[in-house]
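Asker: Hints are included, so try docking the two chains, each in its own frame, into the full complex.
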Amino acid sequence: MKNLQEQNTQEEQSVFTAQLQRRSFLQYAGAGAAGIALMAAGCKKRDRGIPEYEGVTLDFKDDFGVLNYAYALEQLEAAFYIQVASAPPSDFTAAQKAYFQDIQFHEIAHREYFKKALSTAAIGSLEVDFSSIDFTSKTSVLGAAMAFEDLGVAAYNGAGVRLKDTNYLLAAGKIVSVEARHASYIRDLVSYGSFADLTTLTALGANNAGGLDAALTPDKVLPIAGKYVKTKINVINL
Amino acid sequence: MNIVNILEEIEKVDGEIYERLNPRRAAMKDFFNMSKKITLAAMPLAMGSLFQKAYGQTAPLSVTEVLNFALTLEYLEYHFYNHAVVAAPGLIPAGTPAVGAITTIRDHEKAHVDLLKGALGGAARPALAYTDFDFTAKGTFPDVYTNYQTFLAVAQAFEDTGVRAYKGQAGVLKGNAVLTTALQIHSVEARHAAHIRFMRSGGPNGGGAAIKPWISLGANGGANDTGIPQVDPVYAGEDLDVQTGVTITGIANGVTKAKAVESFDEPLSSAQVLTIAGLFLK
Chain A
0 MKNLQEQNTQ EEQSVFTAQL QRRSFLQYAG AGAAGIALMA AGCKKRDRGI
50 PEYEGVTLDF KDDFGVLNYA YALEQLEAAF YIQVASAPPS DFTAAQKAYF
100 QDIQFHEIAH REYFKKALST AAIGSLEVDF SSIDFTSKTS VLGAAMAFED
150 LGVAAYNGAG VRLKDTNYLL AAGKIVSVEA RHASYIRDLV SYGSFADLTT
200 LTALGANNAG GLDAALTPDK VLPIAGKYVK TKINVINL
Chain B
0 MNIVNILEEI EKVDGEIYER LNPRRAAMKD FFNMSKKITL AAMPLAMGSL
50 FQKAYGQTAP LSVTEVLNFA LTLEYLEYHF YNHAVVAAPG LIPAGTPAVG
100 AITTIRDHEK AHVDLLKGAL GGAARPALAY TDFDFTAKGT FPDVYTNYQT
150 FLAVAQAFED TGVRAYKGQA GVLKGNAVLT TALQIHSVEA RHAAHIRFMR
200 SGGPNGGGAA IKPWISLGAN GGANDTGIPQ VDPVYAGEDL DVQTGVTITG
250 IANGVTKAKA VESFDEPLSS AQVLTIAGLF LK
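Here the protein sequences come in this chain order: A and B.
Take the first sequence: its position 145, counting from 1, is numbered 144 in numbering that gives the first Met the number 0, and each next residue is one higher.
Take the second sequence: its position 116, counting from 1, is numbered 115 in numbering that gives the first Met the number 0, and each next residue is one higher.
Among these hints, one or two may not hold up.
[Said to hold, decoys possible] FRET-style restraints, in silico, Cβ to Cβ:
hint	chain 1	residue 1	chain 2	residue 2	range
1	A	Lys163	B	Gly117	25 to 33 angstroms
2	B	Gly117	A	Ser139	35 to 43 angstroms
3	A	Thr199	B	Val85	20 to 28 angstroms
4	A	Ser85	B	Ala126	52 to 60 angstroms
5	A	Ala97	B	Val85	33 to 41 angstroms
6	B	Pro88	A	Ser85	43 to 51 angstroms
7	B	Thr246	A	Phe129	24 to 32 angstroms
8	B	Ala208	A	Asp196	51 to 59 angstroms
9	A	Gly225	B	Thr130	48 to 56 angstroms
10	B	Ala126	A	Phe129	49 to 57 angstroms
11	B	Val245	A	Gly225	47 to 55 angstroms
12	A	Thr165	B	Gly117	41 to 49 angstroms
Note that these hints are calculated values from the structure, not bench results.
We put the CB at the ideal spot given by N, CA and C, even for glycine.
One chain only, chain B, in its complex shape (with noise of 0.2 angstroms):
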């Protein structure tokens, strides 16, 4: 995992990270001197822990920067499902329901990329191409193009990540005809992880890992329901039942907190998600 690569990547969507940083320089050594001791598997969350420093209290992204965020993201899906259709043969099932499946989003994913690119004209972000990524995730993920399983966890990471990061920005985009536009992905990138969710749980035969369409709650209670531990920072706080001051759990009869869990999907502030498309970049 590079630093310096993550923080050039939140640079060009967020001018102003080193200046976020720069008040905060005690943090900044704090955590250079900390990463030295601690195992690269604990990273993520230190990064977050930083991040949460450098954004903590500042002012959220302009509507620029959130299309750049986007961009950013919708190219991370693009390749990975592009990849996984032209290049890395017998990983999808060849003659099933799923080449089907994957190449439908791989589609919707480039169509993304350029409605963003056509929306951001001469402030579009330099394009990202494949070979700028590594979804191995350094290796967390060795066999996510030769293992059709592997492939499918990280693509409902990376759509349930999709999700959370669009809701995350709604606030940004508020009463501007361009929240349309963002919701109308977002809603897109629900439907991908619904099914891929379903995929992995083995489609209309069933059969598959147990994971619902819907977010639930994780095991013994937690907020990552995938039983894959390296994408909790994708779960993070999914785990929330109650909204805008109202309890969901116990609402009515049957609302368990799984149920009151399920209803809500919750976001990721940009930061959480840079975070987490990090690992993916080289």
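One chain only, chain A, in its complex shape (with noise of 0.2 angstroms):
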């Protein structure tokens, strides 16, 4: 776990100075044909003296933005998966011990897929808070699980209308519904037949008239997930 924080933390710190370069690329390309001597003397410039700010920021001006909350999203999830699936609780059943493997190593190619299709764009790793959760309860970890996957279902439901590129709204699409599929496991874990309880979910979007799954805009989204993230988000252009 230590270890998984160091790399965390480096690869943060990696990322900011990627997303400065990035921003001084910008300044100096602006200035023609300056070249890439330039840029580069303008990034160590940057890389010496970085400014210190609190947080990553969700800009969401443009799809980047949709992405990288998704990003951040996932990034919380993967990290919970992964501690469950290096020590679940004990009275998980080898079944569920095999699925939850499954979810983490679900969660990670989604977390993944965003950092690669975000490249210099994607925000850092975030640093996660789960001292709400005990890991060594079946009940805790369950109810973890399931609010995890209800909000992200409802998360990428309430962004999809955001997203302007084609590709990135059938990606958002391929994925959510990979997470309506966990959501309906743990919660059939919890309560069987609960898989698709709407009534439950109205505080998220639901509308079981309807017939209609959770859906929640961005700015919804945020405040409960932000219970479980350490690093402070700062949202713009929302």
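Answerer: In structure tokens:
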């Protein structure tokens, strides 16, 4: 766990640096034919004198903001399942352990997909706060997993309409149905048959009479997710 | 399988089907000639290639067409479950959680039918009744309403198809307020799909079919993970592991091809979906 944290911190710093490099690039690129040498010089200068600022910023002015929002949520989910899968509650069955391994890898795949798709525009790594979860208790773990999955479904459903690029919209659609499958399975572990109990999801925007799942806009999702994140998440252009 | 019937169904959601086919009369002629020579079992594949020709280079559906397309699917799902609940005594084991689950799913499908009908108003396609369907798919699933496992297998195919169908239309609805509603239906269908899969595997106690709540890689690396070859078209392309140019297999330690495939559900085109739905229409 300590190694993981250290690695996260390192990644975070390198990504912050990368972001600033990109900003430098934009500044210097504006100067015209200044060329690579100037750009590189700009990077070095920035590397030495970065003003320290807290947290990450989700800028919803374009698709990158939405993708970074998804990246943040996937980071949170991946971190949670990595912790569960590495030391599951003792009363998990073999089948449950195996499926939580599966889910862990799905969330890691989602996280890494966004990181690669965003490239230099990706936000840094988030520091999570799971102090409210008792990882030795099946009830606590399943409750948290259910909250994460239902919130994830609500987040993707509510943010899809903001995406302008058809390919990214499709990618988000490919992910959200997998999150819904997770939610269904975990709800069935909590209470068999509650896989799509929309009456319990109205706070997340579900409508049982219409047979409609949860959907929440980012401004509603982030405060809920914020309970599990130490890193400050700044939001602009929402 | 009645090709004229299927074309009529497509015409209801895509008024331009014949125009799409028209410039390619040669393709139609070839198809009809060929269909005399091939077996019934190979028909879905042949149909797929026909529609590929019809739709390969043409514009996507309009928003109204997408909603009517969705309505067709919801009618199919609703009547499938409703008949199981009200008119197939002994099919769903009495006194088990399955009764509640299938009833819940039936109610959601009914809600979707009503919602889409309401949204479409006068533009809604003609209603479909139970008697318009043949859920044995012309004898492919003869015991669908007497054998519980067959019923669940067909249910799973419908739900996984539904998820793929909505996903395939996301691009048409991009930026439209209707998109959010469609996504809300889409993820409910995914919850259903996962539950039906979990039921098939025996639920919390296990002991059933070797199937996961999420769509995995099939035996021998195939796209169909259900072990039911008759539903191959439902899973065509589900084995994709490259997303917007990013290769998912190996993207991190432990992300095997199977995990990569499980992590992303794939879409189906409207033509692929209507070919599947057409197998269940009289």
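Asker: Is it true that A:Gly225 and B:Thr130 lie within 48 to 56 angstroms of each other by Cβ?
Answerer: holds, 53 angstroms
Asker: Given the hint of 49 to 57 angstroms, check if B:Ala126 and A:Phe129 actually sit that far apart at their C-beta atoms.
Answerer: About 51 angstroms separates the Cβ atoms of B:Ala126 and A:Phe129, which means 49 to 57 angstroms holds.
Asker: Should the hint that B:Gly117 and A:Ser139 are 35 to 43 angstroms apart at their CB atoms be regarded as holding?
Answerer: holds, 42 angstroms
Asker: Please test the hint of 41 to 49 angstroms on the beta carbon pair from A:Thr165 and B:Gly117.
Answerer: Check failed, 27 angstroms falls outside 41 to 49 angstroms.
Asker: Between B:Ala208 and A:Asp196, does the C-beta distance stay in 51 to 59 angstroms?
Answerer: The hint (51 to 59 angstroms, Cβ to Cβ) is violated, given that B:Ala208 and A:Asp196 are roughly 25 angstroms apart.
Asker: Given the hint of 20 to 28 angstroms, is the C-beta distance from A:Thr199 to B:Val85 inside that range or not?
Answerer: holds, 26 angstroms
Asker: The hint says 24 to 32 angstroms between B:Thr246 and A:Phe129; measuring C-beta to C-beta, is that right?
Answerer: holds, 31 angstroms
Asker: That 33 to 41 angstroms hint for A:Ala97 and B:Val85 (C-beta), does it hold up?
Answerer: holds, 37 angstroms
Asker: Just to be sure I understand the hint, the distance between the Cβ atoms of B:Pro88 and A:Ser85 should be within 43 to 51 angstroms; is that true here?
Answerer: holds, 49 angstroms
Asker: Is the distance from the Cβ of A:Ser85 to the Cβ of B:Ala126 consistent with 52 to 60 angstroms?
Answerer: holds, 53 angstroms
Asker: Would you say the C-beta atoms of B:Val245 and A:Gly225 sit inside 47 to 55 angstroms of each other?
Answerer: violated, 28 angstroms
Asker: Has the hinted range 25 to 33 angstroms been met by the Cβ atoms of A:Lys163 and B:Gly117?
Answerer: holds, 29 angstroms
Violation of the numbered hints given earlier is confined to hints 8, 11 and 12; the remaining hints are satisfied by the structure.
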